[in-house]
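> For the protein sequence lines, the chains are Z and G, in the order given.
Here the first sequence is numbered in our numbering, starting from 26 and rising by one per residue.
Here the second sequence is numbered in our numbering, starting from 15 and rising by one per residue.
Think of the hints as simulated: they come from the structure by calculation, not from any bench.
Fair warning: there could be bad hints in the mix.
[Claimed, not checked] Facing chain G, a subset of chain Z residues (Cβ under 8 angstroms, in silico):
hint: 1; residue: Glu68
hint: 2; residue: Lys93
hint: 3; residue: Val241
hint: 4; residue: Ser258
Ideal Cβ positions, reconstructed from N, Cα and C, are used throughout, including at glycine.
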Amino acid sequence: MFKIVKAEFLAENIKRFEIEAPRIARKRKAGQFVIIRLDDHGERIPLTIADSNNDRGTITIIVQGIGKTTKALNAKEAGDTILDVVGPLGDPSHISNFGTAVSIGGGVGSAIAYPTAVALKQAGNFVITINGARSKDMIILEEEMKSVSDEAYITTDDGSYGFHGFVTQKLKELLDQGRKIDFVLAIGPIPMMSAVAEVTRPYGIKTMVSLNPVMVDGTGMCGGCRVVVGGESKFACVDGPEFDAHLVDFKNLADRNRTYSDVEKAALTAYEHHCRLDKAAESLKTENQ
Amino acid sequence: MQQLTPKERMQIKRHHMIEQAPDVRNKNFKEVNLGYTAQMAQEEALRCLQCKNPTCIEGCPVNIQIKDFVIKIAEGNFSEAVRIIKMDNALPAICGRVCPQEEQCEQVCVVAKRGEPVAIGNLERFVADFERNSGQIQIPALAAPTGKKIAVVGSGPAGLSCANDLAQWGHQVTVFEALHELGGVLVYGIPEFRLPKEIVRQEIDGLKKMGVEFIPDTVIGRTITVDELFEEEGFDAVFLGVGAGLPWFLGIPGENLVGVYSANEFLTRVNLMKAYDFPNYDSPILDCKDKNIGVFGGGNTAMDAVRTAKRLGARHASIIYRRSEKELPARAEEVKHAKEEGVEFNILTNPLEFIGDEKQRLTKVKLMKMELGEPDASGRRRPVPIEGSEFLLDLDIAVIAIGNGSNPLIAQTTPEIEISKRGTIVVDSETMKTSKKGVFAGGDIVTGGATVILAMGAGRKAARAIHDYITTSQW
Ligand SMILES: Cc1cc2nc3c(=O)[nH]c(=O)nc-3n(C[C@H](O)[C@H](O)[C@H](O)COP(=O)(O)OP(=O)(O)OC[C@H]3O[C@@H](n4cnc5c(N)ncnc54)[C@H](O)[C@@H]3O)c2cc1C
Ligand SMILES: Cc1cc2nc3c(=O)[nH]c(=O)nc-3n(C[C@H](O)[C@H](O)[C@H](O)COP(=O)(O)OP(=O)(O)OC[C@H]3O[C@@H](n4cnc5c(N)ncnc54)[C@H](O)[C@@H]3O)c2cc1C
Ligand code: SF4
Ligand code: SF4
Ligand code: FES
Numbered sequence: 026m027f028k029i030v031k032a033e034f035l036a037e038n039i040k041r042f043e044i045e046a047p048r049i050a051r052k053r054k055a056g057q058f059v060i061i062r063l064d065d066h067g068e069r070i071p072l073t074i075a076d077s078n079n080d081r082g083t084i085t086i087i088v089q090g091i092g093k094t095t096k097a098l099n100a101k102e103a104g105d106t107i108l109d110v111v112g113p114l115g116d117p118s119h120i121s122n123f124g125t126a127v128s129i130g131g132g133v134g135s136a137i138a139y140p141t142a143v144a145l146k147q148a149g150n151f152v153i154t155i156n157g158a159r160s161k162d163m164i165i166l167e168e169e170m171k172s173v174s175d176e177a178y179i180t181t182d183d184g185s186y187g188f189h190g191f192v193t194q195k196l197k198e199l200l201d202q203g204r205k206i207d208f209v210l211a212i213g214p215i216p217m218m219s220a221v222a223e224v225t226r227p228y229g230i231k232t233m234v235s236l237n238p239v240m241v242d243g244t245g246m247c248g249g250c251r252v253v254v255g256g257e258s259k260f261a262c263v264d265g266p267e268f269d270a271h272l273v274d275f276k277n278l279a280d281r282n283r284t285y286s287d288v289e290k291a292a293l294t295a296y297e298h299h300c301r302l303d304k305a306a307e308s309l310k311t312e313n314q
Numbered sequence: 015m016q017q018l019t020p021k022e023r024m025q026i027k028r029h030h031m032i033e034q035a036p037d038v039r040n041k042n043f044k045e046v047n048l049g050y051t052a053q054m055a056q057e058e059a060l061r062c063l064q065c066k067n068p069t070c071i072e073g074c075p076v077n078i079q080i081k082d083f084v085i086k087i088a089e090g091n092f093s094e095a096v097r098i099i100k101m102d103n104a105l106p107a108i109c110g111r112v113c114p115q116e117e118q119c120e121q122v123c124v125v126a127k128r129g130e131p132v133a134i135g136n137l138e139r140f141v142a143d144f145e146r147n148s149g150q151i152q153i154p155a156l157a158a159p160t161g162k163k164i165a166v167v168g169s170g171p172a173g174l175s176c177a178n179d180l181a182q183w184g185h186q187v188t189v190f191e192a193l194h195e196l197g198g199v200l201v202y203g204i205p206e207f208r209l210p211k212e213i214v215r216q217e218i219d220g221l222k223k224m225g226v227e228f229i230p231d232t233v234i235g236r237t238i239t240v241d242e243l244f245e246e247e248g249f250d251a252v253f254l255g256v257g258a259g260l261p262w263f264l265g266i267p268g269e270n271l272v273g274v275y276s277a278n279e280f281l282t283r284v285n286l287m288k289a290y291d292f293p294n295y296d297s298p299i300l301d302c303k304d305k306n307i308g309v310f311g312g313g314n315t316a317m318d319a320v321r322t323a324k325r326l327g328a329r330h331a332s333i334i335y336r337r338s339e340k341e342l343p344a345r346a347e348e349v350k351h352a353k354e355e356g357v358e359f360n361i362l363t364n365p366l367e368f369i370g371d372e373k374q375r376l377t378k379v380k381l382m383k384m385e386l387g388e389p390d391a392s393g394r395r396r397p398v399p400i401e402g403s404e405f406l407l408d409l410d411i412a413v414i415a416i417g418n419g420s421n422p423l424i425a426q427t428t429p430e431i432e433i434s435k436r437g438t439i440v441v442d443s444e445t446m447k448t449s450k451k452g453v454f455a456g457g458d459i460v461t462g463g464a465t466v467i468l469a470m471g472a473g474r475k476a477a478r479a480i481h482d483y484i485t486t487s488q489w
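Model the full assembly from the supplied sequences, consistent with the hints where possible.
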């Protein structure tokens with residue numbers, strides 16, 4: 026049992042948790058993740074360790090509610106528990122002083138980009154962050170990103186805040202201005218990562234992406250997380266999750282990630298239906314009191 | 015005890031266990047074999063000739079005193095029979111179910127020369143179940159605490175048997191397990207219909223009662239390194255029983271299509287994550303109902319996967335294996351059970367390519383027929399392709415069950431531990447010592463994928479050497 030000591034929404038549907046897990050807190054490095062299982066009937070899902078606090082013995086995760094497990098997790102509050110938390114898993118980000126490094130986070134991807142941006146700063150890079158979302162109220166970690174950046178940009182698809190457009194357009198703009206960029210890290214939805222790869226490819230800029238295939242064990246035992254990189258199969262949970270963006274087969278990843286879409290949609294609908302019933306029952310109870 | 019002449023004993027026919035009917039069991043996950051009644055067990059035990067030279071014992075990798083426990087069964091003294099078995103085998107209810115007896119104890123049983131061997135495995139299973147069902151599992155006497163701490167990494171059969179012996183000798187044992195559930199392949203690989211998980215749980219409860227501590231959700235090499243187990247956690251010795259959990263793939267085109275699973279993933283989703291009960295359990299598996307499912311390989315893992323597919327409602331569940339039926343490495347009983355349950359066998363057939371639709375979902379596999387050529391290094395006749403024999407087979411789900419390599423996590427984080435070219439941990443075969451002081455290893459991580467009983471034997475051998483090391487401090 027792992028105790029949640031703090032829980033707060035950062036944006037609609039995106040929640041930050043601090044969880045007691047001292048052994049993981051002590052060990053984790055940027056780029057690593059945990060696998061959690063909420064309860065006895067739960068699925069094992071991977072979530073990046075966004076931060077940790079050694080004194081308190083806690084790790085921070087930031088979760089976007091998209092399916093049954095993440096929504097059920099986001100319904101939890103401080104004081105609640107999570108049955109299983111395993112980690113830190115994955116190969117840590119390979120960080121060095123590249124020179125000028127751009128860290129791009131799209132949506133909840135900013136939560137995953139943040140720890141690596143911190144590490145890039147600590148390694149002595151000139152750090153540019155591009156933090157993008159659909160609209161202003163979906164931007165997360167704005168202050169945190171700023172605090173580790175030499176230059177920080179916000180982009181929104183609808184122009185409600187910061188630069189009006191996609192993160193890739195901002196990146197392209199910087200390159201068009203003739204900025205010398207030595208390293209790019211991009212984390213977000215698959216189409217975004219794939220688009221970033223195409224922007225940097227002609228410039229030959231070393232570009233890494235953090236992939237999010239479906240996982241089960243997270244230790245290399247099942248092979249379910251395999252992704253195609255440079256024509257070879259790699260296990261994202263042990264060989265990654267960060268890979269060279271220019272070698273990744275994004276189409277294969279997107280298709281594989283849709284393996285269970287139909288049944289998962291059904292499970293989510295059933296879950297939300299239950300939640301509504303529970304709520305209705307709750308309100309009936311209070312009304313009757 | 016009845017006095018029978020050897021001739022009379024030989025005339026008794028081997029007793030087969032009661033089984034669920036094939037067309038019933040291929041639709042449920044309950045255990046296939048229902049075991050012996052006490053009377054059947056006693057009659058079966060009478061078939062043993064009590065040989066002066068009991069070759070059966072040499073056939074058992076842990077040398078169970080077979081002759082002695084079998085006569086106790088004939089006498090009706092079942093608890094004494096269990097006691098005798100447990101001197102050499104801490105997990106008889108498990109080995110009695112999954113040992114490849116026909117290649118071990120039963121193969122060399124003297125009675126086998128004239129007919130069917132004594133059903134040693136079934137008898138072992140019977141008495142272990144008898145003890146468990148009586149609710150009076152004997153907890154072995156524990157030696158006085160020594161104050162020594164040992165970390166066992168991995169809760170598969172190697173780790174469990176190592177922990178069992180060390181705890182008996184008074185040492186404080188902590189087992190670290192990467193997964194949320196304890197038991198290794200016994201819980202995530204071997205299905206419920208062959209080995210009920212309740213049995214594994216009870217064996218582990220027994221160890222807990224002996225004071226063994228279990229810490230799940232902990233990956234050694236990640237959460238804690240081997241060095242930290244000594245330096246920060248204060249352990250005096252470490253046993254690595256981490257198994258061979260790195261699935262091999264075929265290396266042919268199309269292997270990353272949606273619908274191609276490793277056997278580990280397929281079985282883990284079903285056994286460990288209970289995907290057959292989705293959405294009551296949250297982990298999904300592709301719908302197998304009325305689908306064509308092909309399992310590539312011929313070992314126990316392949317049989318488990320294909321029989322699981324059948325139970326999930328597959329229309330065609332077939333084994334695709336490149337050698338001939340004689341070479342199938344699975345236990346004979348599993349092959350027989352699979353056939354009875356309606357599994358199809360495409361032998362002497364080799365896959366060339368998986369083919370998918372525009373959404374990258376598997377639809378077909380291209381196969382080729384093989385014939386047997388000259389014997390290879392293993393003495394088995396090498397399968398050679400038949401020119402021009404390529405053909406296509408409709409397939410919705412493919413499960414690759416061609417074996418496992420070694421997980422590199424520990425090796426990567428503990429470079430002093432010597433690793434073979436195949437990735438297995440190198441040990442001294444007598445003491446199971448690795449090249450790093452205080453660290454021992456055994457089971458599949460040393461041998462590559464093998465058997466439960468060999469992993470158990472290795473765990474016990476290591477326990478003996480660990481005991482010697484921590485009590486003498488001599489490496
Ligand atoms: C290394 C890694 C780090 C991640 N870090 C974060 C993070 O910090 N914050 C965050 O919000 N999300 C993160 N994710 C994604 C997160 O794991 C998925 O959103 C989550 O598993 C969805 O589960 P669900 O039941 O809520 O949704 P579902 O309805 O089950 O699935 C929705 C979609 O999520 C993906 N998914 C489903 N199951 C899994 C699984 N077991 N593993 C991976 N993806 C799956 C699939 O694409 C699926 O179509 C990360 C994924 C990976 C691989
Ligand atoms: C599907 C299947 C069917 C089989 N059927 C039979 C059969 O019928 N008869 C038979 O005799 N044999 C059978 N086998 C083989 C047998 O199960 C294995 O030989 C045996 O389980 C090996 O035992 P082990 O203790 O070495 O490893 P495992 O059982 O593999 O256990 C290793 C454990 O270590 C854990 N682990 C790994 N790395 C770490 C780490 N870094 N930190 C912490 N924990 C870790 C794993 O999660 C696992 O729980 C079968 C195997 C499979 C896969
Ligand atoms: S442990 Fe296996 S080999 Fe040994 S006696 Fe039992 S069934 Fe036979
Ligand atoms: S070899 Fe067969 S008959 Fe002889 S003692 Fe062993 S089990 Fe009995
Ligand atoms: S999640 Fe199973 S091998 Fe990566």
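> Can we keep the Z/Ser258 interface hint, with Cβ of chain G closer than 8 angstroms?
Nearest chain G Cβ about 6 angstroms off; hint holds.
> Given Z/Glu68 as an interface hint, is its Cβ closer than 8 angstroms to any Cβ of chain G?
holds (4 angstroms)
> Should the interface hint for Z/Val241 be scored as holding, given a Cβ-Cβ cut-off of 8 angstroms against chain G?
holds (6 angstroms)
> Hey, does the Z/Lys93 contact hint survive, CB to chain G under 8 angstroms?
holds (6 angstroms)
Checked against the numbered hints given earlier, this structure breaks none of them.
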